[in-house]
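Residues per chain, in single letters:
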Amino acid sequence: MAIKYPDRGTLYDENLDRIKRVIAFEEVDRIPVSLVSTGFNSQYLGYTLADYVKSPELQVKVQFDAMEKLRNFGRVDAMNNTPLGIGNYKFGLGSAWFNKVKLPGDELPDNVIWQIMEEELITVEDYDLILDIGWDEFKKRFIKERLGFSELDQQEAMAPIMLNASRDAEGHKKAGYVIVNGGVMVHPFDTLSGGRSMTQFILDLHRYPDKVEAIMDLMLPSAIMAGIGGASLVEPTGIWLGGWRTASGMLSPKIWDRFVLPYYIKMVEATVAAGLTPVLHFDQDWTRDLEKLKAFPAKKCILNIDGMTDIRKAKEVLDGHMAIMGDVPAAIFAAGNPEDVHNYVRDLMRDIGPTGFILGVGCDAPYNTKPENMEAYVEAGTKYGVM
Amino acid sequence: MMDQLAQAMSDLEEETVFKLIDERLASGTDPMEIIAACREGMSDVGKRYEAKEYYVSDLIMAGEVFKQSMAVIGENFQAETGDKKGAVVVGTAQGDIHDIGKDIVVSLLQAGNYDVIDLGVDVPPAKFVEAARESGAKVVGLSGLLTISFNAMKETVDALKAAGLDVKVMIGGGSITEQVREQVGADALGGDAQAAVDLCNEWI
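Chains as they are written, first to last, in our numbering: chain X, 1 to 387; chain P, 1001 to 1204.
Hints in this document: simulated from the structure, not taken from any laboratory.
You may find that some hints are simply not true.
[To be verified] Here chain P is said to cover these stretches of chain X; the calculated rule only asks that three of the stretch's residues, wherever they fall, bring their Cβ under 8 angstroms from a Cβ of chain P: (1) 114 to 121; (2) 195 to 207; (3) 245 to 259; (4) 362 to 368.
[Said to hold, decoys possible] 16 angstroms max Cα-Cα, derived EDC-like pairs, lysine to aspartate or glutamate: (5) K1052(P) <-> D285(X); (6) K139(X) <-> D126(X); (7) K254(X) <-> E1053(P); (8) K254(X) <-> D1011(P).
Yeah, the Cβ is synthetic: ideal placement off N, Cα and C, and Gly gets one too.
Could you build all of it, start to finish, from the sequences and the hints given here?
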């Protein structure tokens, strides 16, 4: 299943320069088009999701081949996803969210997207254990005992990714694709709420706030190292700083100000210090706290939103400070038509450009994206992005 | 001025809520009055959410406190169901296992004195039909976070129509839009949990 990567000469350098100019709010000749579509790629190329999750090689291949096929409709300048795939999905997603994962072809039908369980795998009694033995030791035990991956299993899960990392990362760059996101740094809030279940964790925030804060403080260095370390396989321009359950729309200001923002500030600082662009992959609605995102250093980050944050408000508040990438929503890809896509992209280019903007998919294009809609996205991004 | 228990429920003061419930049960207060106070508090939670004072996490907290309150009161009392406003069937559409939003809707509807039949997650269309038929529910609520739920929602709406049931269907979830509602054939889109309650209040 080896990929033959075309050599497109200076295209990568041109695309990279364009992305850097966007982040710095310098003028560009056209707005870059980025893509992330893990589930859709399989459908687009005639594979099931079950095929996809079972094969690390296929994960790399379908993502690359889908981008190559979409080049028939316009430009794809950057990928907002690692070129290496996730490999073993139960391990990869499970160890990020600290919970079990149901997979297509396994617990789910072949073409139902993977789903992360909401079980209470970390108990409230574990809080004292974590404070006693430290987060790294707890994590080691948890992955082995509660997710069922021995150290050998973990090495086997990582092996396919590590083996060809350099080849695939360099191949994507040779083909012209800027890797805007080459890894993920997960906020301690998301990890802990994943392991406790969202409901129990919300109760914990009310019942044991000091203890939760102490544990999150313990978790942060490990989260930072994992995000930055993972990127070294790919040498991307940036990494995701994930934001899912940390969204403003989910949490009261009191909880957000104490348990969310201070950790992001440190995560951003560490990412920038490592020479990487923090791609704030902020799903759900962050409109309420856009002003507070100015705490992050100017012209260093990309705000990557999914259609639920008011992107025009984001432009108004953060123009000149933080570039924006987004935000064509999943519903348009799955339920809309090409005209809807064209209109949405045209309006984005007009309202969020011309500087500080990368056209992007909201989060990740869904599995049931209509192919003609994704083709329209690339077409419209090319047509309306010329300055 | 709100009743003290209602206020504590509204303020998400968990310990105060359980303390007051224990005191009132011990003093022989009619459990129905205690339930009414809890419901009043939950209704106020809904209003505070609409006023953007509360967020999803507060609804989750409120739902859990309410559920535990009902469990405490229920140990002392078997609630009459005859005075319920009506039955509502709720579930997450087939193919989707997300339940946080659905659970918040269930809590608010129960607080609103509806008889809620919670079918859980990954619910096939036939099960919605069966539950609606058996309960005589006039409203069916479909929840879905993922776009894969769209087809399942449409199949459910079609199945309810084919079964000849006179029900209104409301849908809600992260990626649901008015365009999706139209394609699915649902009667209304509930933009958030409180909207689901408002729709039931309007329809029942």
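Going through the hints against the structure:
no., hint, verdict
1, 114 to 121, "holds (count 3)"
2, 195 to 207, "holds (count 7)"
3, 245 to 259, "holds (count 6)"
4, 362 to 368, "holds (count 3)"
5, K1052(P) <-> D285(X), "13 angstroms, holds"
6, K139(X) <-> D126(X), "11 angstroms, holds"
7, K254(X) <-> E1053(P), "11 angstroms, holds"
8, K254(X) <-> D1011(P), "14 angstroms, holds"
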